[in-house]
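Following the hints, position chains B, C and D against chain A.
Residue numbers (this note's numbering), protein chains in the order written: chain A, 1110 to 1218; chain B, 1110 to 1218; chain C, 1110 to 1218; chain D, 1110 to 1218.
Among the hints, erroneous ones may be present.
Given that identical chains are not distinguished, each listed pair holds provided it fits within a single copy or across any two copies.
[To be verified] 27 angstroms max Cα-Cα, derived DSSO-like pairs, lysine-lysine:
no. : residue 1 : residue 2
1   : K1202     : K1214
2   : K1156     : K1211
3   : K1130     : K1209
Worth flagging that the hints you see were computed from the coordinates, not collected in a lab.
The residues making up each chain are set out below.
There are 4 protein chains.
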Amino acid sequence: MTQLQQLTDLLIKFRDARDWKQFHNPKDLALAISIESSELLEAFLWKPAESVPVEKVKEEIADVFAYLVMLADHYNLDLEQVVREKVQQNEVKYPVDKAKGKSNKYNEL
Amino acid sequence: MTQLQQLTDLLIKFRDARDWKQFHNPKDLALAISIESSELLEAFLWKPAESVPVEKVKEEIADVFAYLVMLADHYNLDLEQVVREKVQQNEVKYPVDKAKGKSNKYNEL
Amino acid sequence: MTQLQQLTDLLIKFRDARDWKQFHNPKDLALAISIESSELLEAFLWKPAESVPVEKVKEEIADVFAYLVMLADHYNLDLEQVVREKVQQNEVKYPVDKAKGKSNKYNEL
Amino acid sequence: MTQLQQLTDLLIKFRDARDWKQFHNPKDLALAISIESSELLEAFLWKPAESVPVEKVKEEIADVFAYLVMLADHYNLDLEQVVREKVQQNEVKYPVDKAKGKSNKYNEL
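Excised from the complex, chain A in its bound form (with noise of 0.2 angstroms):
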């Protein structure tokens, strides 16, 4: 077993074991992917990134892959694949000659 399968795993039985799977709709698995990526953004609001608390930031970085990790599984998903393909359409996407040093989308490159 891979090491995000046996994640995934751990994060389904704690689901599992409260019988959170009834709330896990994937929109909603999508709000709260979104909620706590925002929790991580706040760590963030009014202050440089150096006084930032990394305890704060590590906590919500684990909420965000929970909840991503459990919308990948609802569809059967297998992550590793997912970002191996994103990788290869972003090189198409932003061609290393073309995006080097500019940090425009690849629409206005």
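Quick look at chains B, C and D alone, frame taken from chain A:
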């Protein structure tokens, strides 16, 4: 090397080939995670989950994942460890006997 | 008729001409507000505020405002009243002598 | 003085009494708008709109509105004008005969 380290390497290599580290300070990475989560959410806007194309969901999951991995890498965090620790904290915050079948936040249980 | 009522009327008329009320349930309106806020945020991604084009900011502010007004309208809320009440609550949560010059949340003052 | 100018004045007075202008650069204001929108969204998480308490919705609408007004004020924008211009743009992007009864984005009509 673990699966998550391999994916991290892939993403960092993609970033460095484009000389993008200069833009990827942790505050902007937190913005990027939030923005990509919102694009994921947009796939579900005005419609039931059943009519959302999986292809769109896959792409946005990959984008959130990629920036999450890069933020974790910035802080030299071990993502697996971070997730396991959060699950342990949540075992305490959401004890099975109190949280079972309820969607409330821990402070409203 | 107040200025906010006039803007509400304008936005409702735009919506009704397109028969969009059927999509604008309050949950999806909340998604729309969050998604448009994120597009506003995207204008600032990877760059300092100085290099953000005001035109982009204007358009996204308008979008957030429009959905906010429509959500308030759904609940028959008087936006001015809602804002004045919140300011009064915040006077208590953030007393001047404790909050002056500090960016902390009220529970960390 | 218009209703929106009066609300702007109220919010700016609240801010200045606490000496918070120093934190309210436009990038962080955009973060704040996004974070508050996400707290509004959280009111709807895991539940149908009917079971969301209006009091919670009111408070979060006020918070989004407040930061939106302060960001507009930073750029010396006339919010009414900004909204009216966007509605005019949207009349073109979403012509009634094409957009009626459809929830698609303008580029998918």
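Now the hints, each set against the structure:
no. : hint            : verdict
1   : K1202 <-> K1214 : both (9 angstroms within a copy, 22 angstroms between copies)
2   : K1156 <-> K1211 : both (25 angstroms within a copy, 11 angstroms between copies)
3   : K1130 <-> K1209 : between (44 angstroms within a copy, 11 angstroms between copies)
In this structure, every one of the numbered hints holds.
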